[in-house]
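Asks: The primary structure of each chain is shown beneath.
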Amino acid sequence: MTALLSLENLSVHAGSKPLVSNLSFSLNRGERLGLIGESGSGKSLTSLAATGLLPAGLSASGSAILAGKQVIGAPDRELNQLRGTAVAIIFQEPLTALDPLMRVGKQVAEPLARRAQRDGTPFSGTALDQAVLALLDEVALPDPQRIAKSYPHELSGGQRQRIAIAMALACKPDLLIADEPTTALDVTTQAEILSLLDRLVRTRNMALLFISHDLPVVANTVESVVVLRQGETVETGNVADVFGNPRHDYTKSLLAAARRLDDAMEGRA
Amino acid sequence: MSLVRVDHVSFGYTANRRILDDVSLDIAQGDTIGLVGESGSGKTTLLRLLLGLARPDSGTITFDGKPLEPGNGAFMREFRRQAQVVFQDPYSSLDPRQTIQSIIAEPLRSLKIAGDHAKMVGNALDAVGLDRDVGTRFPHQFSGGQRQRIAIARAIVPGPRLLLADEAVSALDLTTRIRIVDLLAGLSKTMSLLFVSHDIGVVAALCRRIVILEKGRIVEAGDTAAVLANPQHPYTQRLLASVPRLNLNEVSS
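Going down the list, the sequences are from chains P and H.
Under our numbering, think of the first position of the first sequence as 7, with each following residue one higher.
Under our numbering, think of the first position of the second sequence as 3, with each following residue one higher.
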């Protein structure tokens, strides 16, 4: 089986300055991989490079094969075929990811209709409305009828993130990229969104690329991790192995910091 | 004795919606208190009341036995000297056009504090672990953690007895966050600290006492270790259960 996403020696440069250097990993259907690191480590740039979304001024080299197609150097026309079908992204801040002037039901309907058209089974009207409500229900939003008619500002942060997840799912992607999806949320909401993501990724058998700086969140969400520091891969492996027996000093320092807060909470500090 | 006493305080920005509902809280001299709550719980509003930036609708707040009087200029000047604040975002809380020296000396100027300002700024830089020669540089030349040290230096330069910190480490990377927590822990030996945060782990590492705020009401308060080990209120229990742990044993099994 070929990987859904395969990076080989992927590098991102701003001019001559390297931001991500020689990153390699691959991800198959049903696998969950965490990209962890602190700010400036290149986590988000990696996901943008892998989907051809790097901002102007940054250049990628190496290889990023998404659903069998080379992303690096490919024109947007080709990449648009992959976006939504092969991969969908959930971003950190649901308020900026949603259109403030459009009812959220309509925002979810857009990718739903587009995907259906692409599949050769276009639908609209009542059928589309029904599909939107079903999807809102799937992301466990209460009262989908009312929510669908709401604007983003009328929803809580957690509800907005569920809408963003619904939009990503509407594309029926094989790979879901979640870039700090719970960082902006309260801790009780975070727990709900994480368990929602976990359930959806399992039931739809998607691959998950989970980007986070929060080690305990990563430990509870993915099977394997890549630890990045200033664009360099410092360590990769099974999450239990890496967190249980870190080899690199940087990973050790991250874990020591996380463990100190864990210990303080458990009364061991 | 208590340095700050919040006595049955209620507050709302509009008449029909209460943000704080019958909140009472004592901050003893030398105490470290973590005020924990989620968004909309009223943490920041309580902090605004404590700073005299808003007045309670009912109830009283006293500082050192005297009621806060936002209208009394002389009282507030003395109060500002004694109660200082550090905010969440080190990128927006420092004036980009001022030098570090000038930024840290600002409270000394605005509160008309006499003395050798350069020396006081130097001492504050020492206390937060920055080199004295950073004074001639500008905020953009510093990392987030360093900027937060600068913000803390500015807060401690007038020699306050109470330091209020509003999510002061939330915007920082984990390893940086731990270093700032250590810095605040050291400073809290010489002043009272009210640390407002949604991050229970950080509060556990830093604060002797914890106060849990939900929808404007204090639902639980007490010794941090005791509350975390044996939470009584259902909301506290739900909050603690939601915090992800490293729990490697479970992951590897």
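None of these hints come from the bench; they were simulated from the model.
Careful: at least some of the hints might be erroneous.
To be verified - Residues from chain H that face chain P, not an exhaustive set, calculated with beta carbons under 7 Å:
#1 L113
#2 G117
#3 T138
#4 S172
Said to hold, decoys possible - With the Cβ distance kept under 7 Å, some of the chain H side facing chain P (calculated, not the full set):
#5 S41
#6 L49
#7 A173
#8 L176
#9 A206
#10 R210
#11 S244
Said to hold, decoys possible - To be clear about the criterion: a stretch of chain H counts as covered by chain P if any three or more of its residues have a C-beta under 8 Å from a C-beta of chain P, and this derived list gives those stretches:
#12 105-112
#13 225-233
Yeah, the Cβ is synthetic: ideal placement off N, Cα and C, and Gly gets one too.
Asks: Can you give the numbers of the hints that this structure goes against, from lowest to highest?
Replies: 1, 2, 3, 4, 6, 7, 10 and 12
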